[in-house]
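Trainee: One letter stands for each residue in the lines below.
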Amino acid sequence: MSSIQINNVTKRFGDFTAVEDMCLDIEEGEFVALLGPSGCGKTTTMNMIAGLEDVTEGSILFDGQDLSGTKIQDRNIGFVFQNYAIFTHLSVYKNLSYGLEVKKVDKAEIDRRVKAMADRMSISHRLDQPASSLSVNEMQKLAIGRSAIVEPRIFLLDEPLSNLDAGFRAYMRAELKVLQHEFGQTMIYVTHDQIEAMSLADKIAIIDQGKLMQYGSPLEIYNNPANRFVANFVGSPRMNLIDGELREERGTLRLMVHGGAEIPLSGQVRSEFSSDTKVHSGSFGIRPQDIYFGARRAEDDIEMHGTVEVLERVGPKRLVYLQVLETMFLAIDDQDQLNVGDEVPFYMPPAKSLAFDLASGRRLGG
Amino acid sequence: MTDIPTPASQTTQSEKRKGYWATVARDGQKMGFWFILPTMLLLLFIVVFPLLMQLYLSVTWWTPLEGIPWYRAWEVFSWGENYWFLLTDPRLWGALWRTVVIMGIAVPIQFFLGMALAYLFVDKFPGRKIFYSIMLTPMMVVPAVVGLMFFLLFQGTGPVNDHLGLPADFSWLTDVNRAMISVIIADIWQWTPLMFLILLAGMLGVPSDQLLAARLLGGSNWQNFLKIVLPRMKTVIIIALVLRAVECFKIFDLIFIMTKGGPGVQTETISLFLYKQTFGELEWAYVAAIGLTILFVLSVIAAKGLSYMAKKNG
Amino acid sequence: MKVSPGALALKYVFVLLAAAVVLYPLLWMVTMAFKPYPEWTTVSGLTWFPKNPTLQNFEFIFYGEAEGLVVSLDRTIVGPLISSLVTSICGTLLAVVSGTLASYAVVRFGLAQSLPLSVLQLRLFPPLAVMIPVMVMWAFIGAVDTWWGLSLIYGIVTLPFAFWLMKTFFEEVPVEIEDAARVSGCSYWRVFYRITLPIVKPGLATCALFVFILNWSDYLLALLLTQKDWVTLPVYMATLTSAMGGQMYGMKAALGVIAAIPPVVFGLMIQKHLVRGLTFGALKQ
Chain A
0 MSSIQINNVT KRFGDFTAVE DMCLDIEEGE FVALLGPSGC GKTTTMNMIA
50 GLEDVTEGSI LFDGQDLSGT KIQDRNIGFV FQNYAIFTHL SVYKNLSYGL
100 EVKKVDKAEI DRRVKAMADR MSISHRLDQP ASSLSVNEMQ KLAIGRSAIV
150 EPRIFLLDEP LSNLDAGFRA YMRAELKVLQ HEFGQTMIYV THDQIEAMSL
200 ADKIAIIDQG KLMQYGSPLE IYNNPANRFV ANFVGSPRMN LIDGELREER
250 GTLRLMVHGG AEIPLSGQVR SEFSSDTKVH SGSFGIRPQD IYFGARRAED
300 DIEMHGTVEV LERVGPKRLV YLQVLETMFL AIDDQDQLNV GDEVPFYMPP
350 AKSLAFDLAS GRRLGG
Chain B
0 MTDIPTPASQ TTQSEKRKGY WATVARDGQK MGFWFILPTM LLLLFIVVFP
50 LLMQLYLSVT WWTPLEGIPW YRAWEVFSWG ENYWFLLTDP RLWGALWRTV
100 VIMGIAVPIQ FFLGMALAYL FVDKFPGRKI FYSIMLTPMM VVPAVVGLMF
150 FLLFQGTGPV NDHLGLPADF SWLTDVNRAM ISVIIADIWQ WTPLMFLILL
200 AGMLGVPSDQ LLAARLLGGS NWQNFLKIVL PRMKTVIIIA LVLRAVECFK
250 IFDLIFIMTK GGPGVQTETI SLFLYKQTFG ELEWAYVAAI GLTILFVLSV
300 IAAKGLSYMA KKNG
Chain C
0 MKVSPGALAL KYVFVLLAAA VVLYPLLWMV TMAFKPYPEW TTVSGLTWFP
50 KNPTLQNFEF IFYGEAEGLV VSLDRTIVGP LISSLVTSIC GTLLAVVSGT
100 LASYAVVRFG LAQSLPLSVL QLRLFPPLAV MIPVMVMWAF IGAVDTWWGL
150 SLIYGIVTLP FAFWLMKTFF EEVPVEIEDA ARVSGCSYWR VFYRITLPIV
200 KPGLATCALF VFILNWSDYL LALLLTQKDW VTLPVYMATL TSAMGGQMYG
250 MKAALGVIAA IPPVVFGLMI QKHLVRGLTF GALKQ
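Residue numbers (numbering that gives the first Met the number 0), protein chains in the order written: chain A, 0 to 365; chain B, 0 to 313; chain C, 0 to 284.
Be aware that one or more of the hints could be misleading.
[To be verified] To spell it out: a stretch of chain C is covered by chain B in this simulated footprint if at least three of its residues, at any positions, have a beta carbon under 8 Å from a beta carbon of chain B; those stretches are:
| no. | segment |
| --- | --- |
| 1 | 105-117 |
| 2 | 165-176 |
[Unchecked claim] Derived BS3-like pairs (lysine-lysine); straight-line CA-CA distance at most 30 Å:
| no. | chain 1 | residue 1 | chain 2 | residue 2 |
| --- | --- | --- | --- | --- |
| 3 | A | Lys103 | C | Lys10 |
| 4 | B | Lys233 | A | Lys103 |
| 5 | B | Lys128 | C | Lys283 |
| 6 | B | Lys310 | B | Lys233 |
| 7 | A | Lys70 | B | Lys123 |
| 8 | A | Lys102 | C | Lys10 |
| 9 | B | Lys128 | C | Lys200 |
| 10 | A | Lys70 | C | Lys10 |
| 11 | A | Lys106 | B | Lys233 |
| 12 | B | Lys310 | B | Lys249 |
| 13 | A | Lys210 | A | Lys70 |
| 14 | B | Lys226 | A | Lys106 |
Hints are computed from structural coordinates only; laboratory data are not their basis. We put the CB at the ideal spot given by N, CA and C, even for glycine.
Put together the whole structure using the sequences plus the hints.
Mentor: Structure below.
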């Protein structure tokens, strides 16, 4: 078990910068997800933590200790590969015992620990079979068990659930959480699936184009995205992000959207937008579930009118696509009161709206 | 003109022939038959007929010297004398022994060198491509030319003695013991690259993430090589060894050019022995008998090996 | 993966050592080919590079005589060179055409499933163990010392390579492509000729070069089945000594260089497929 500090780490492959000036503090026993679209540098970051890649600049400290001079073999890092990297020519038992055997652990001790781990991962009945005969789900368990048995200082998982079928993925997600508590180990988990990251991790690091976008708890990231990228990336259905020019007219600050739609800004979001006078074009964000229909609930809620274009049923609710001139708003209708073609007013509470600078993507005010 | 035969077009002779080929083109089985025919004829020509002839000649005293055409070889019928003789021919057994010695020394050395080279080349390094090409060159050189090259090198007045600081009368190719060593060195030089090539292909086939996983689990390079790489290369290793062993058993060009089997019979292998029996002694019937025996023994070994492999894999 | 500078340096030491061992005999032969007579042996001191580089050796083997040499040749390299070319090319054509057709039939029509193994057996035995009847047959049909006699045996002994190599290339062509063409009304022949062959064209070229190298490299068969008119390069090279009495290192080296160039060049061209060719398709790179 150990904490990890990633200090100003940069990784370049020739001219290409895969990771730029990354800083992360991971505390002992924390479960951290590295989340981002494919090619964003999250796997490179993890490979650097594992020691599979060199750090170009900066340092990675484990409990304050730099391991860059230590051979991979001696780093004692648990790593679960995306395709599990099971030794398919060996039996399940031999897979589990590998990490102990190479350390010349006593035979009886190996046997005891292998059996315990197999039991824990519920693959005891498969111990003597060749690992190649396992199902994908069992391979996943074996891969985790094989890494866990040597009691690594940290645990790294590279998209561990992406190869599983939907049902087992949900089960494994819960199982991972339980295992993490049981092992009490620092775990770092790479994924491009925001739902997985949200439901599993203590903390999420969102990475885009090699840069850390935001690092915080899932709730923090969801409620308080640091920038436009995070706001756009996290949450399902996606947040409405409406880009436009800011214009002061007759005492009201308006966001003039290309195509003619106008958002009259008020309350908190208005002051956020005007907090930086140098910003002339901005991005207005609101989550679909924060838009409501019917009676206005607060004085300064922003009112707009739109036409219901499409209604899409998702469970008990319906997604509403509202057309305002050329701009589309996504809202949620949980009362089944709308019909396609209706022209309806809808309201957006300013306190739940977010303001971003369009040029830099930076969050304003907040 | 159309490929599709019409009833009217089948009347004339030439049209009829065209009609036949048109049906062949439309019938996979028929076309396959014509496709296989040339190969079948060649096999028939080179296997069935020669085998019968070899069997026939091997039970006679026939030699091309006496002017008896081969089909009248029955006039000098010998029963199984040739076969009886080969069992007790010390020169034959000596040649067989030397062939086995060359195989037993050269092939393992080629294997270990090839494996070491493959290990050097398995990871990328600057210049890898060029060095790879250089390493492959020996096996592409005509074996007879390799014989010539080592013939030149091992002359008393040649560079090997010169560079090792040995006197000009320190002979390699005409020395009772060193002739064999020279030949083996030449064979190792030429065919280590083949081992290297095959073993490297096998080594590159070991999934890199499994190796990484083994490393992360704390296995040293050597432990991982023994427990992950080697077992995964088993098939490749068998292929490489069998291939080399079969080719080494046939060895002729190198030795014939370097030493002609000499001095005396010191480097005389099976192939050289057969060559000398054929052209020196003109004992063609005897050679036929030996050849047939070799054929039989090798076939049995091959069949056993194949069924063993099939059992292991199946 | 990180490699420590020390380990990398060690790797280069070994690689350079191996390269030196590989190049030592080759380089010696190449420089020997350009050395005049006095520099052939230790008598006047050996050097890696010729002190007085000369083309005399090449001149001699091409014209049968050269300035400053008292000896002359009654046969120049021209005949053997033509013989090597003609027989290697004809043998290659025979092997590749019949091997290609047969392997296609085996792969696509599932015919003659025992053919692959029986073809393979041709490579198992030492040629000398089975050559007596071949020599008798060749003499009987008048094929000894003819271009077609040698081409025929070349075509036969390299057929297994052509067959197995093409088999692996055909196996890589998705059957769906052929089925699609057939559904749209193409005959089997048309599918083979117009669709499959163009797809495997690179494979076909590889196969032809590979088989050519094997034929060109032959020494034994030419030794057994030719006498004078159609003697090939390696045989000619080996007999140069015996014909002239003295050792003609420089000339032989020049011959060796000429004989070695085509296979090395072609071999490096098809490097990628060498593994596949040499292991009869059992391994791919």
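Trainee: Does the structure keep lysine 128 of chain B and lysine 200 of chain C at a Cα separation of 30 Å or less?
Mentor: Roughly 26 Å separates the two Cα atoms, so the pair holds.
Trainee: Within 30 Å, alpha carbon to alpha carbon, are lysine 310 of chain B and lysine 249 of chain B?
Mentor: Measuring from Cα to Cα gives roughly 28 Å; hence the hint holds.
Trainee: Are the Cα positions of lysine 210 of chain A and lysine 70 of chain A separated by 30 Å at most?
Mentor: holds, 27 Å
Trainee: Between the segment 105-117 of chain C and chain B, are there enough contacts, at least three residues with CB-CB distance under 8 Å, for the coverage claim to hold?
Mentor: Result for this restraint: holds, n = 8.
Trainee: For the pair supplied as a hint, lysine 70 of chain A and lysine 123 of chain B, confirm whether the alpha-carbon distance does not exceed 30 Å.
Mentor: Measuring from Cα to Cα gives roughly 19 Å; hence the hint holds.
Trainee: Given the hint that lysine 70 of chain A pairs with lysine 10 of chain C, does the C-alpha gap stay at or below 30 Å?
Mentor: This hinted pair holds, its Cα atoms lying about 18 Å apart.
Trainee: CA of lysine 103 of chain A to CA of lysine 10 of chain C, is that 30 Å or under?
Mentor: Status holds; Cα separation ~29 Å.
Trainee: Mind checking the alpha carbons of lysine 106 of chain A and lysine 233 of chain B for me, to see if they're no more than 30 Å apart?
Mentor: Holds: lysine 106 of chain A and lysine 233 of chain B sit about 27 Å apart, inside 30 Å.
Trainee: Cut-off 8 Å, C-beta pairs, minimum 3 residues; does the coverage of the segment 165-176 of chain C by chain B stand?
Mentor: violated (count 0)
Trainee: Compare the distance between the alpha carbons of lysine 128 of chain B and lysine 283 of chain C with 30 Å, and conclude whether the hinted pair is satisfied.
Mentor: Answer holds: lysine 128 of chain B to lysine 283 of chain C is near 18 Å, not above 30 Å.
Trainee: Given the hinted pair lysine 310 of chain B and lysine 233 of chain B, is their alpha-carbon gap at most 30 Å?
Mentor: Judged against 30 Å, a Cα distance of about 15 Å means the pair holds.
Trainee: Would the hint linking lysine 226 of chain B and lysine 106 of chain A be met if the CA-CA limit is 30 Å?
Mentor: OK: lysine 226 of chain B and lysine 106 of chain A at ~17 Å, within 30 Å.
Hint 2 from the list above is the single one not met by this structure.
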